[in-house]
Amino acid sequence: MTPPTTTPTPPPTPARLGEGIDRVDARVKTAGRAAYPTDTAYPGLAHAVLVQSTIAAGRITALDAAAAEAAPGVLAVISHENVPALREAPDRSASLPPPPLRDDRIHHHGQTVAVVVADSFEQATEAARLVRVTYAADAVVADLDHPDAQHDHDPFGTDGGTGDVEKALEAAPVRVEGTYRTAANTNNPMGPFATVAHWEGDHLTVHDCTQGPSRTRADLAATLGVPPEAVRVLAPYLGGGFGAGLRTWGHTVLAAVAARQVGRPVKLVLTRKQMFTSVGHRPDTKQTVRIGATRDGRITALDHRAWQSLSMTDANMEPVSHTSQSSYASPNIATRDVQVRLNVPAPGSMRAPGDAQGNYALECALDELAHELGMDPLELRLRNYADEHPVTGQQWSCNDLRACYEAGAEMFGWERRDPEPRSTRRGRTLVGYGMAGTSFFFYQADCAARVTVGADGGAVVESSGMDIGTGTYTVMTQLGAELLGLPVGRVRMVMGDSSLPAAPSAGGSGLTAAMGTAVHNASRHLLQSFLDLVRDDAESPLRGVALDGVRAEDGRIVRTDDGRGEAYTAMLARHGRDRLSAEGSAEAPGQKGAVVPTGPYAAKFAEVHVDEDLGVIRVARLVTAAHCGRVLNEKTARSQLVGGTVGGIGMALLEETVTEPHTGRIANPTLGDYLVAVNADIPRLGVRFVGGPDPTNPNGTKGCGELGIPGTPAAIANAVFHATGVRVRRLPIRIEDVL
Amino acid sequence: MRSFAYVRAGTVEEAVAAAAADPEAAYLAGGTTQVDLMRDEVFRPARLVDITRLPLRGVERRDDGGGVLVVGALTTMEELAAHGDVTTRLPLVREALLRGASPQLRHMATVGGNLLQRTRCRYYRDPSTACNKRAPGTGCAALDGHHRMHAVLGTSPHCIATHPSDLAVALLALDAAVRVHGPDGERAVPLGEFYRTPGSTPHVENALTHGELITHLEIPLLPPEARSGYLKVRDRASYEFALASVAAALVVDEDGRIRSARLALGGVGTVPWRVPRAEELLRGARPDDDVLRAAAEAALSGAEGRPDNAFKIGLGRRAVVRMLGALARGEEPDGAARGEGR
Chain Y
4 MTPPTTTPTP
14 PPTPARLGEG
24 IDRVDARVKT
34 AGRAAYPTDT
44 AYPGLAHAVL
54 VQSTIAAGRI
64 TALDAAAAEA
74 APGVLAVISH
84 ENVPALREAP
94 DRSASLPPPP
104 LRDDRIHHHG
114 QTVAVVVADS
124 FEQATEAARL
134 VRVTYAADAV
144 VADLDHPDAQ
154 HDHDPFGTDG
164 GTGDVEKALE
174 AAPVRVEGTY
184 RTAANTNNPM
194 GPFATVAHWE
204 GDHLTVHDCT
214 QGPSRTRADL
224 AATLGVPPEA
234 VRVLAPYLGG
244 GFGAGLRTWG
254 HTVLAAVAAR
264 QVGRPVKLVL
274 TRKQMFTSVG
284 HRPDTKQTVR
294 IGATRDGRIT
304 ALDHRAWQSL
314 SMTDANMEPV
324 SHTSQSSYAS
334 PNIATRDVQV
344 RLNVPAPGSM
354 RAPGDAQGNY
364 ALECALDELA
374 HELGMDPLEL
384 RLRNYADEHP
394 VTGQQWSCND
404 LRACYEAGAE
414 MFGWERRDPE
424 PRSTRRGRTL
434 VGYGMAGTSF
444 FFYQADCAAR
454 VTVGADGGAV
464 VESSGMDIGT
474 GTYTVMTQLG
484 AELLGLPVGR
494 VRMVMGDSSL
504 PAAPSAGGSG
514 LTAAMGTAVH
524 NASRHLLQSF
534 LDLVRDDAES
544 PLRGVALDGV
554 RAEDGRIVRT
564 DDGRGEAYTA
574 MLARHGRDRL
584 SAEGSAEAPG
594 QKGAVVPTGP
604 YAAKFAEVHV
614 DEDLGVIRVA
624 RLVTAAHCGR
634 VLNEKTARSQ
644 LVGGTVGGIG
654 MALLEETVTE
664 PHTGRIANPT
674 LGDYLVAVNA
684 DIPRLGVRFV
694 GGPDPTNPNG
704 TKGCGELGIP
714 GTPAAIANAV
724 FHATGVRVRR
734 LPIRIEDVL
Chain F
3 MRSFAYVRAG
13 TVEEAVAAAA
23 ADPEAAYLAG
33 GTTQVDLMRD
43 EVFRPARLVD
53 ITRLPLRGVE
63 RRDDGGGVLV
73 VGALTTMEEL
83 AAHGDVTTRL
93 PLVREALLRG
103 ASPQLRHMAT
113 VGGNLLQRTR
123 CRYYRDPSTA
133 CNKRAPGTGC
143 AALDGHHRMH
153 AVLGTSPHCI
163 ATHPSDLAVA
173 LLALDAAVRV
183 HGPDGERAVP
193 LGEFYRTPGS
203 TPHVENALTH
213 GELITHLEIP
223 LLPPEARSGY
233 LKVRDRASYE
243 FALASVAAAL
253 VVDEDGRIRS
263 ARLALGGVGT
273 VPWRVPRAEE
283 LLRGARPDDD
293 VLRAAAEAAL
303 SGAEGRPDNA
313 FKIGLGRRAV
323 VRMLGALARG
333 EEPDGAARGE
343 GR
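If you're matching them up, the sequences are chains Y and F in order.
According to my numbering, the first sequence is numbered sequentially starting from 4.
According to my numbering, the second sequence is numbered sequentially starting from 3.
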């Protein structure tokens with residue numbers, strides 16, 4: 004059975020590209036008609052529940068499933084003792100973690116050791132409690148500073164820089180050095196991750212909380228040893244991901260394994276507690292930043308080292324210090340990353356992975372340098388503006404960070420800042436201003452899309468990628484409408500299905516550029532297909548006209564020379580066609596050459612209030628000026644910046660996944676104990692878009708999905724210093740740090 | 003599947019009889035904590051006695067003494083906060099209520115249940131860990147674990163779990179009492195005698211015996227000239243338990259001397275914490291900084307911190323000084339936190 008298709012309903016009025024129209028999927032979502040993976044039902048659906056380890060290191064000496072198997076409704080208990088063979092990913096840096104239940108070894112607390120399948124969720128939950136696991140425990144290594152921890156050096160191949168940093172530091176008239184720490188954070192999307200797996204013969208259909216259906220399909224096929232064509236992954240909607248859906252985690256594999264084993268469709272929903280151990284998290288970091296400068300504030304040396312936690316068995320692509328290679332002009336730069344193997348759950352991407360932590364340390368160090376120099380922090384950044392790539396010397400494809408600084412400072416009223424720390428107060432409230440810049444990384448992967456115009460004159464745009472809540476449905480609808488000369492209401496975007504032309508995962512702020520380019524190319528190909536259709540058509544005013552001699556408008560293709568043209572519907576009807584389709588693809592732009600494709604930029608300005616006696620810290624104002632290239636939808640883009648900023652405020656002041664060093668157990672795996680920002684923590688957030696289109700892609704876009712996070716914690720931390728005179732080099736900053 | 007018996011009681015007597023007859027029975031009211039604890043396997047009652055239909059909802063004013071509010075135990079937190087006398091005469095109760103939980107929870111949670119809510123200690127709530135309160139004799143994992151939120155007052159080597167209620171702190175300061183109906187009849191217990199520090203029996207949290215049911219709260223009104231308030235210090239601006247909180251009421255004479263003082267602390271104790279010595283120091287004194295600091299010292303007297311939570315001792319003192327000073331000056335107490343959410 005295929006679940007009901009919930010096609011987004013576009014708004015009735017035409018809209019221009021860039022205009023902040025409401026989300027085209029707003030209606031189905033608010034009416035409860037959007038089919039999330041957890042909403043999927045099949046006749047005969049069975050339910051799976053995970054059993055997870057209660058030690059962090061060691062091995063299973065006995066796993067007694069007898070009581071669980073005898074419990075009412077239980078269909079199967081699958082553990083390392085009876086799981087069918089699962090294949091290892093050929094490349095551990097890829098999206099596929101090691102397969103679940105591979106052996107008796109325990110590498111972290113909360114590791115899945117069994118899955119119980121039963122007729123009902125309640126029966127499976129109860130039986131999962133009856134699985135008796137006996138362990139032989141080893142010593143736990145779960146602390147970034149643990150002397151016995153294994154260090155993986157330069158794990159991403161990104162270490163490097165330019166010049167001789169040590170020599171330059173030695174010679175520098177002014178030096179600052181700081182060690183900064185960031186806590187582990189957990190993505191915590193509102194929707195718990197879930198998988199529904201259904202086999203029909205050798206064909207597998209999976210409804211999954213994923214940010215990339217095509218990638219999940221490839222991973223499942225590789226793990227299960229079946230051809231990719233035999234797997235279909237559906238995910239039209241996702242209840243939030245923040246990077247947690249970028250990998251094919253064990254529970255997704257186990258749902259498919261369980262469904263095959265019991266011969267019924269199986270649904271597996273993670274509990275909130277399991278969400279802390281099963282779908283990645285932002286690893287904690289320790290970072291040392293050393294900067295050397297001249298007395299007039301020119302940076303002569305920048306050294307950035309980062310240590311981050313990693314699980315024992317997995318890989319995680321998360322360059323932390325790398326941002327310091329591209330942020331400021333300096334003749335001498337060195338960045339080094341180390342991953343520290345610990346008995347912790349596998350980390351993974353969480354919105355702005357690596358950059359969120361790295362930017363925090365770099366931008367705090369800049370603030371320390373500004374204070375040391377007695378220079379305005381904004382002036383310091385302008386004085387060290389990277390007019391070209393500081394390490395490679397390449398030209399930026401498009402960099403309007405300077406405009407971000409100017410617009411942000413003006414919106415915020417930065418010139419009113421008294422440079423003296425602890426100089427501004429209102430009663431018992433200390434007031435601080437802080438700022439930070441962000442040069443976010445560039446990422447884009449290969450993507451394909453298909454565009455179809457039907458006999459009714461409406462268009463369908465298809466690509467397998469996901470709208471994870473960012474507005475992809477909406478901006479691709481707008482883009483398709485613009486490129487095909489149709490009202491938004493005549494274009495339907497279909498996504499979240501691995502059987503559609505393959506798109507990359509929604510990650511790295513790269514999907515809009517990738518899919519937008521593919522849709523652009525597909526639309527151009529479709530116009531060409533229409534011109535081909537009427538190439539020899541004596542009745543058509545478009546006969547023999549080339550693509551560069553036409554434009555699309557009002558449901559028609561029109562000659563640019565004399566304005567004559569005809570409607571899609573007329574061409575289709577005359578040639579007896581009910582539709583015309585074309586595919587288009589986009590390749591990742593190369594990083595080599597004289598010009599380097601560049602990511603988005605932002606400048607953030609924060610005002611914090613600190614209660615002088617009680618240490619309570621609240622963000623009173625925060626403004627962002629962002630350069631995101633051409634903005635396809637002002638409203639959804641703004642929402643991305645606002646939402647990211649909320650996450651950044653949480654990272655700065657609230658969010659910390661606490662792992663007990665001696666047990667490896669996460670001490671706060673609930674939404675009551677892991678604090679995310681609530682409405683009362685969030686002031687009015689100002690966002691302004693500045694700067695020009697990026698020529699890297701035909702639509703001129705840059706990504707904006709992650710830009711809200713980096714810069715925000717540093718701006719807040721710098722504002723806390725300005726308010727209190729206390730330099731806290733650790734996130735989250737809390738009451739006891741400023742008392 | 004785990005099954006349990008469920009009965010819905012129509013009268014108080016019926017409820018008490020049903021609970022008393024089964025040693026593994028528990029009452030169910032708003033369920034905002036109880037159901038979570040059952041899901042987490044902290045509670046495994048064999049029988050739930052649903053008391054939500056009992057006629058114990060609403061507030062009446064009795065005019066003996068200075069006036070007493072008799073509050074049905076099933077009155078919700080929101081209902082009590084909205085009551086006219088609470089708004090005008092008991093700001094500390096209103097503020098304690100509205101700074102707790104979230105609006106959704108406050109509309110479900112009852113005031114009787116609020117007084118009996120269980121600690122937020124994550125070890126208590128995770129059956130895979132040692133906890134003397136949940137499983138007597140197993141030890142206390144919080145001692146060497148993560149205990150930033152834990153208590154610094156009233157602790158023992160067996161338990162350092164913080165009492166989570168805000169309302170109880172305000173009621174303790176007011177000398178409120180609970181009326182209890184049990185198998186052996188009715189009795190009233192002053193809140194000051196209701197809670198038990200953990201000692202060597204952390205699983206015994208209060209004076210109730212099995213089957214006893216809180217039917218009403220009796221809250222004495224403050225005199226009209228009193229100033230009162232509730233200061234709650236926490237990481238998050240809303241929907242978060244206290245790191246330290248202070249419920250206080252002062253009557254200041256025209257000559258500037260304190261005629262009467264009431265003071266209780268939350269977030270720092272294993273039980274809601276009141277120190278008569280601190281109130282004595284205030285009585286008859288002018289509320290200058292030295293006096294307030296002396297009262298704060300007395301209030302935190304005997305506090306013992308551990309690595310993660312030692313800061314609460316100083317924070318508690320500062321909160322006491324801030325709250326009392328604000329009341330004495332007729333100001334709002336929580337500065338930056340004020341008006342930025344509840």
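Since the hints were made in silico from the structure, they are not lab data.
None of the values given here were measured: they were computed from a predicted structure.
A couple of the hints might just be wrong.
[To be verified] Taking lysine to aspartate or glutamate pairs in the DMTMM-like style, the calculated list, with each CA pair at most 25 Å apart, reads:
no.: 1; chain 1: Y; residue 1: K276; chain 2: F; residue 2: D310
no.: 2; chain 1: Y; residue 1: K638; chain 2: Y; residue 2: E391
no.: 3; chain 1: Y; residue 1: K276; chain 2: F; residue 2: E333
no.: 4; chain 1: Y; residue 1: K276; chain 2: F; residue 2: D42
Verification of the hints:
Under the criterion of a C-alpha separation no larger than 25 Å, the hint pairing K276(Y) with D310(F) is consistent with the structure, at around 23 Å. Only pairs whose Cα atoms come within 25 Å are accepted, and K638(Y) paired with E391(Y) is rejected, the gap being roughly 31 Å. Between the alpha carbons of K276(Y) and E333(F) the distance comes to roughly 43 Å, so the proposed pair goes past 25 Å and is violated. Of the pairs offered as hints, the one joining K276(Y) and D42(F) holds, with about 11 Å between alpha carbons and a cut-off of 25 Å not exceeded.
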